[in-house]
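As a plain string of letters, each chain reads:
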Amino acid sequence: MAEIVAGFGMPHNPGSPALVAREGPQCETARFYAEMAKNIEAVAPDVLVIFTDDHFNTFFLDNFPTFAIGIADATAGPNDQTPMPHYKVAVPGALAAHIRTTAIKHDFDISLVQDFDVDHAVMVPLHFITPHMKIPVLPIFVNALAPPLPTARRCFALGEAVRAAVENWPQPLRVAAIGSGSFSLEIGGPKIPQGRRVAGTPDPQWSQHVQDLLNEVRIDDLITEATTARMLQAGNIGGELLNWIALLGVIGARKPVTMLPQNDHGQAFAVWRWN
Amino acid sequence: MSVYAVNKLCRQALHDPAFREALKRDPAAAIAPLDLTDDERRALVAGDVAWLYERGCHPFLLAYLTRWDLFGLKGEIYSERIRKASDARDN
Numbered sequence: 001m002a003e004i005v006a007g008f009g010m011p012h013n014p015g016s017p018a019l020v021a022r023e024g025p026q027c028e029t030a031r032f033y034a035e036m037a038k039n040i041e042a043v044a045p046d047v048l049v050i051f052t053d054d055h056f057n058t059f060f061l062d063n064f065p066t067f068a069i070g071i072a073d074a075t076a077g078p079n080d081q082t083p084m085p086h087y088k089v090a091v092p093g094a095l096a097a098h099i100r101t102t103a104i105k106h107d108f109d110i111s112l113v114q115d116f117d118v119d120h121a122v123m124v125p126l127h128f129i130t131p132h133m134k135i136p137v138l139p140i141f142v143n144a145l146a147p148p149l150p151t152a153r154r155c156f157a158l159g160e161a162v163r164a165a166v167e168n169w170p171q172p173l174r175v176a177a178i179g180s181g182s183f184s185l186e187i188g189g190p191k192i193p194q195g196r197r198v199a200g201t202p203d204p205q206w207s208q209h210v211q212d213l214l215n216e217v218r219i220d221d222l223i224t225e226a227t228t229a230r231m232l233q234a235g236n237i238g239g240e241l242l243n244w245i246a247l248l249g250v251i252g253a254r255k256p257v258t259m260l261p262q263n264d265h266g267q268a269f270a271v272w273r274w275n
Numbered sequence: 001m002s003v004y005a006v007n008k009l010c011r012q013a014l015h016d017p018a019f020r021e022a023l024k025r026d027p028a029a030a031i032a033p034l035d036l037t038d039d040e041r042r043a044l045v046a047g048d049v050a051w052l053y054e055r056g057c058h059p060f061l062l063a064y065l066t067r068w069d070l071f072g073l074k075g076e077i078y079s080e081r082i083r084k085a086s087d088a089r090d091n
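Line by line, the protein sequences are chains A and B.
Here the first sequence is numbered in the numbering used here, starting from 1 and rising by one per residue.
Here the second sequence is numbered in the numbering used here, starting from 1 and rising by one per residue.
Simulated from the structure, these hints should not be mistaken for laboratory data.
The reader is advised that the hints may include incorrect statements.
In silico negatives: residues of chain B with every beta carbon more than 12 angstroms from chain A [unchecked claim]:
(1) A18
(2) I31
(3) P33
(4) L34
(5) D38
(6) D39
(7) R42
(8) A46
(9) A50
(10) P59
(11) A63
(12) R67
(13) I82
(14) A88
(15) D90
Partial pick of chain B residues on the chain A-facing surface, computed with a CB cut under 8 angstroms [said to hold, decoys possible]:
(16) N7
(17) T37
(18) R83
Here are a few chain A residues that face chain B, going by a calculated C-beta distance under 10 angstroms [unchecked claim]:
(19) F56
(20) F60
(21) L61
(22) P65
(23) L112
(24) D115
(25) N143
(26) L145
(27) N168
(28) N236
Nothing here was measured: the structure is a model prediction, and the numbers come from that model.
By construction, the Cβ of each residue, glycine as well, lies at the ideal position given by its N, Cα and C atoms.
Pulled out of the complex, with its shape left as it was, chain A reads as follows (with noise of 0.2 angstroms):
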C-alpha cells in the first residue's frame, strides 16, 4: 500500500534561482531550500504531489479551474519566461488518475488537465530540491489568485481526499506533499509597501501568525482564519496559504519538524516528517 511519508511548505519566488546563482549557497534563500533538500533526500519519495497554484500560464482566464490534476506521462517547465534552468520531469499518470477518481467520489469536482507545462510555483522548488529531477511530481492545481478562491476548508478536504486515494493505492509507494507559496504577498496591486517596487510585503505578521498556527497545530484555527478576506488583507498573493492547507489536509495535524521563517517576504519552509 502506497503511503504518506512527509510533508514540505515552501515559496516560489521566480527571482530565487537568480538570487542564488548571484550571491551563492550561503545566502539564506540557498540554506533554507538546502534544508528542504536535505530533508527530500533523507524520506526518499518515490513521488512528490505538489499542490500549486498556477499564474495564469498552465491557464488563463478564458479557463480557470478552481481545482485541476495533471494527468500526463510528463510535464516540463516553467513556462513563463523566468530566469533559470528548462526542466523536464515524469508526472505518474496512473496515480494522478487514481487520486482524480477518488477525488470525484468525495465530491470533488476537479478538472482534468492532460498536455500541461508548469510555471515557476512549480519548477522554482523542484529546481532547488530535486535538481535531478529524477522523483516524479504530480501536480494539483488551487486557484489562489483569481477571486472568488476556494474554501481554506474545502482545501483541506481536497487534501484529506487526496490522503485517501494515496492509501488506497495498491502498490508500496511512498509519497511527500509539498504545499507551494507564500502568506503575504502583494504583486502589482494597491497594497504595495512604501519603499517597495512593483511588488512587497504587506503583513509581515500574518506570516508570523500563520507559522504559530502551524507550530501549534492548531489547524482548525487556521481553517477558520484564513478566509478570502483575511488572506487577500496580507496581499492580492495571500492565497497561496490555501496550498499549504491543502498539504495539512493530507498530511494531518502534526507539528513540523522545522520551520524556516522569511517575514520580511511573508514566507516561510517548513518540514513534516514523522519516521
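Given chain A, work out where chain B should sit, using these hints.
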C-alpha cells in the same frame, strides 16, 4: 468593459517579443487591432493602471508591463499610481 482583452494583452507582452517591441515602438498602433473600448485604449496609452485595476484587470498581469517600461510604466511610476487605486479589499 473588455477587461479580459487587457489581461490578455499583458500576457501577450510577456510571451510575444514581437508584440512587446511593437508596444515599445508605438503603443497606440500596437493595441489598435485589439478588441478594446476607447476608455481602455486611453487608460493603457496613459499608463493609467489604477483605472484599469479598479475595473478588474488583474494586478499580477498588469505588473508585467513594468518589466519593459511599457506604456511608460517604470516600476516606481507604476507603484505610485497603483497605490492610489480604490481597493475593494478595504471596503
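Each hint tested on the structure:
1. Non-interface call for A18(B) relative to chain A: holds, since the shortest CB-CB distance, roughly 15 angstroms, exceeds 12 angstroms.
2. In this structure I31(B) is separated from chain A by more than 12 angstroms, as the shortest Cβ-Cβ distance comes to about 18 angstroms.
3. Distance to chain A confirms P33(B) as a non-interface residue, since its nearest Cβ pair spans about 19 angstroms, more than 12 angstroms.
4. No beta-carbon of chain A is positioned within 12 angstroms of the beta-carbon of L34(B); the least distance is around 15 angstroms.
5. At roughly 22 angstroms, the least C-beta separation between D38(B) and chain A is larger than 12 angstroms, which holds for a residue marked as non-interface.
6. Every C-beta of chain A lies more than 12 angstroms from that of D39(B), the closest at about 20 angstroms, which supports listing it as non-interface.
7. The claim that R42(B) is not at the interface with chain A holds, since no C-beta of that chain comes within 12 angstroms of its own (minimum 20 angstroms).
8. Remark: the non-interface label on A46(B) is consistent with the geometry, its nearest Cβ contact in chain A lying 17 angstroms away (cut-off 12 angstroms).
9. Taking the minimum C-beta to C-beta distance to chain A, about 8 angstroms, the non-interface status of A50(B) is violated against the 12 angstroms cut.
10. A cut-off of 12 angstroms between C-beta atoms contradicts the statement that P59(B) is not in contact with chain A; the least separation is 4 angstroms.
11. Its beta-carbon lying about 3 angstroms from the closest one in chain A, A63(B) breaks the requirement of being farther than 12 angstroms from that chain.
12. Not every CB of chain A lies more than 12 angstroms from the CB of R67(B), the least distance being 9 angstroms, so the non-interface label is violated.
13. With a minimum CB-CB distance of about 6 angstroms to chain A, I82(B) fails to clear the 12 angstroms threshold, and the non-interface call is violated.
14. Taking the minimum C-beta to C-beta distance to chain A, about 9 angstroms, the non-interface status of A88(B) is violated against the 12 angstroms cut.
15. Interface exclusion of D90(B) from chain A breaks down, the closest Cβ pair being 8 angstroms apart, not more than 12 angstroms.
16. For N7(B), the interface hint holds, since its Cβ comes within 8 angstroms of a Cβ in chain A; the closest pair sits about 6 angstroms apart.
17. This hint is violated: T37(B) has a C-beta 18 angstroms from the nearest C-beta of chain A, more than the 8 angstroms allowed.
18. Annotation: R83(B) was flagged as interfacial toward chain A, and the flag holds, the nearest CB pair being 5 angstroms apart, inside 8 angstroms.
19. Contact between F56(A) and chain B, as hinted, is supported at the beta carbon level, the nearest pair being about 6 angstroms apart and thus within 10 angstroms.
20. Proximity of F60(A) to chain B holds as hinted, the smallest CB-CB distance being about 7 angstroms (cut-off 10 angstroms).
21. Look at L61(A): its Cβ gets to within about 6 angstroms of chain B, closer than 10 angstroms, so that hint holds up.
22. The beta carbon of P65(A) comes no nearer than 16 angstroms to any beta carbon in chain B, farther than 10 angstroms, and the hint placing it at the interface is violated.
23. Of the supplied interface hints, the one on L112(A) is violated, with its beta-carbon coming no nearer than about 23 angstroms to a beta-carbon of chain B, more than 10 angstroms.
24. For D115(A), the interface hint is violated, since its Cβ never comes within 10 angstroms of a Cβ in chain B; the closest pair sits about 18 angstroms apart.
25. A least Cβ separation of about 12 angstroms between N143(A) and chain B goes past the 10 angstroms threshold, and the interface hint is therefore violated.
26. For L145(A), the interface hint holds, since its Cβ comes within 10 angstroms of a Cβ in chain B; the closest pair sits about 6 angstroms apart.
27. For N168(A), the interface hint is violated, the least distance from its beta-carbon to any beta-carbon of chain B being 37 angstroms, above 10 angstroms.
28. Hint status for N236(A): holds, given a least beta-carbon distance of 6 angstroms to chain B, under 10 angstroms.
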